[in-house]
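Novice: Single-letter residue listing:
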Amino acid sequence: MGAAVATHWTVHSRRFEASAATREPAWVRGILIAIALAFFALFLLLPLVTVFAEALRKGWGVYFAALVDPDARSAIFLTLLVAAIAVPLNLVFGVSAAWAIAKFNFRGKQLLTTLIDLPFSVSPVVAGLIFVLLFGAQGWFGPWLIEHDVKIIFAVPGLVLATVFVTFPFVARELIPLMEAQGQEEEEAAIVLGASGWQTFWRVTLPNIKWGLLYGVILCNARAMGEFGAVSVVSGHIRGRTNTMPLYVEILYNEYNFAAAFAVASLLALLALLTLVVKSLVEWRGRQELSAGQES
Amino acid sequence: MNTSAARRVLPGFPLALGYTLVYLSLIVLVPLSAVFLKSATQGWESFWAAISTPRVVASYQLTYGVSLLAAAINAVFGLIFAWVLVRYTFPGKRIVDALVDLPFALPTAVAGIALTAIYAGNGWLGQWLQPLGIKVAFTPLGILVALIFIGLPFVVRTVQPVLEDLSTELEEAAASLGADRWQTFYRVVLPPVLPALLTGFALAFARAVGEYGSVIFIAGNVPMVSEITPLLIITKLEQFDYPGATAIAAVMLVTSFILLFLINGLQAWANRSHGGG
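Going down the list, the sequences are from chains A and B.
All letters in the first sequence, in the order written, are residues 24 to 319 by this note's numbering.
All letters in the second sequence, in the order written, are residues -1 to 275 by this note's numbering.
Quick caveat, the hints were computed from the structure, so don't treat them as lab data.
For every residue, glycine included, the Cβ atom is placed at its ideal position computed from N, Cα and C.
Worth double-checking, as some hints may not be accurate.
Okay, the calculated bits of chain A under chain B, using three or more residues with CB under 8 Å as the criterion [claimed, not checked]:
#, segment
1, 50 to 60
2, 68 to 77
3, 128 to 142
4, 164 to 175
5, 293 to 302
Straight-line alpha carbon distances no greater than 30 Å define the calculated DSSO-like cross-link-like pairs of lysine-lysine that follow [stated by the list, open to error]:
#, chain 1, residue 1, chain 2, residue 2
6, A, Lys302, B, Lys91
7, A, Lys81, A, Lys233
8, A, Lys174, A, Lys233
9, B, Lys91, A, Lys81
10, B, Lys91, A, Lys233
11, A, Lys302, A, Lys174
Throw the hints in and build the complete structure from the sequences for me.
Specialist: What follows is the structure, given as structure tokens:
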């Protein structure tokens, strides 16, 4: 696989090194690469290394002790739970929205696409606030909820709602351009040949979009597990009850328990690295299938 | 209407669109409208009072000012970064390329405490900067550092595909007609990249304005000096000042909407000039 990756990049870069007229002098190239790498080291690599260095500063014993702490374990569990609810909800929505927008023409399509992107441009703090306004004690549904003893704000449902909001567009915005580019001929052929709608989706559409779908789900999941601002507003910071991992990191940090804060943070950083690895693999597989499809 | 219905061979349109609209309304539109309805019910006087106190105005200046500066720095370095990734080869390039997305994947709170650890007075970089009289952590400069971190991938990832698709034939033609490399870059390469660059700049700015997690750890959060607007909303909420929090949120939402339309326009322009070139 390593060889294949290397080939991809050599093919890629040869395009631009073919002619001396489109190349900068060696010293210009050197300076630009140095600037980019310095920026990379300072703003991307250093924070990442710091997380692990600080987490292990007091040794592996302290590190593992911080992770098996009951509060840490309940934060990890809650993070997994919230993501396990929010991601599938947005997955179903993303597929359904992409099916409607990419395969059909209707009025207001452009507006709908813009509205789906809306949560990306809303501050996470505002995203949390809107659910407090709806379901908080002083909110629209607050009195009714209190009467029926349903807790949304300062409880798990609030965390899920805020997470669903901030991760809302991820799957849809990956799928819409992909399915638009693929057109609808293949699906129409399947229908004309007598396949049902579901058969067409499972056998024709899904295989075509699987890499884009996976890509969207991975990004959605990373954000769902790492969201801080929105869940911070709705959580109430109840230890062992409504603290997800990022919120627990904040609590430990504010208590000057830096080693434990960075230990929990290192798990989230590992998740981020894993996300990037899977993302690179998916991009690579998607590109391979694309070029294989174009050659055949 | 009839012709489009006749052409519609594929099933599932009413279900897919219906579900999309209901889910969009329940999760996004109705909750967001709560901000405006709640603002409307409190009356103009108290609304204006809430959004125009000196402390709130100072937070706008800080949030929007530093976000603009961070987006501008990201535009310059993001362009260099994308250029280097597309045009040059160097060892470790694949890893560097993959890690550009780190700010998308790394939870903001983790980035926040890591940056604070680096730039605090006893931190890895802070201990060298402090004697020089440069304080980064717990000052507006720290906010700038966090917002640069958050915004970088937006510029790189919008500019990179455009640079990749750029044909070198025009550059060769420019060179053979006697243009030097800088003229070629300025007159031939930059114009088709500009819409994407502006889109990346606007995306980085929009993200920076609302950013909370990575900023609050490093900002110091001193009122009038290093207190960002999203934090002010949380402060008001913790004081149970719901109308105040909602009014500030309404201001932030309106700027978000304006930015969203601007970005949509820029993207349409980018697609046109990209597709045309």
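Novice: For every hint, state whether the structure bears it out.
Specialist: Do the hints match the structure? See the list:
1. 50 to 60: holds (count 7)
2. 68 to 77: holds (count 7)
3. 128 to 142: Three-residue rule met by the segment 128 to 142 of chain A, so holds; n is 9.
4. 164 to 175: violated (count 0)
5. 293 to 302: holds (count 7)
6. A:Lys302 / B:Lys91: Holds, at roughly 16 Å.
7. A:Lys81 / A:Lys233: Judged against 30 Å, a Cα distance of about 44 Å means the pair is violated.
8. A:Lys174 / A:Lys233: Since the Cα atoms of A:Lys174 and A:Lys233 sit roughly 37 Å apart, the hinted pair is violated (cutoff 30 Å).
9. B:Lys91 / A:Lys81: 33 Å, violated
10. B:Lys91 / A:Lys233: Holds: B:Lys91 and A:Lys233 sit about 27 Å apart, inside 30 Å.
11. A:Lys302 / A:Lys174: 37 Å, violated
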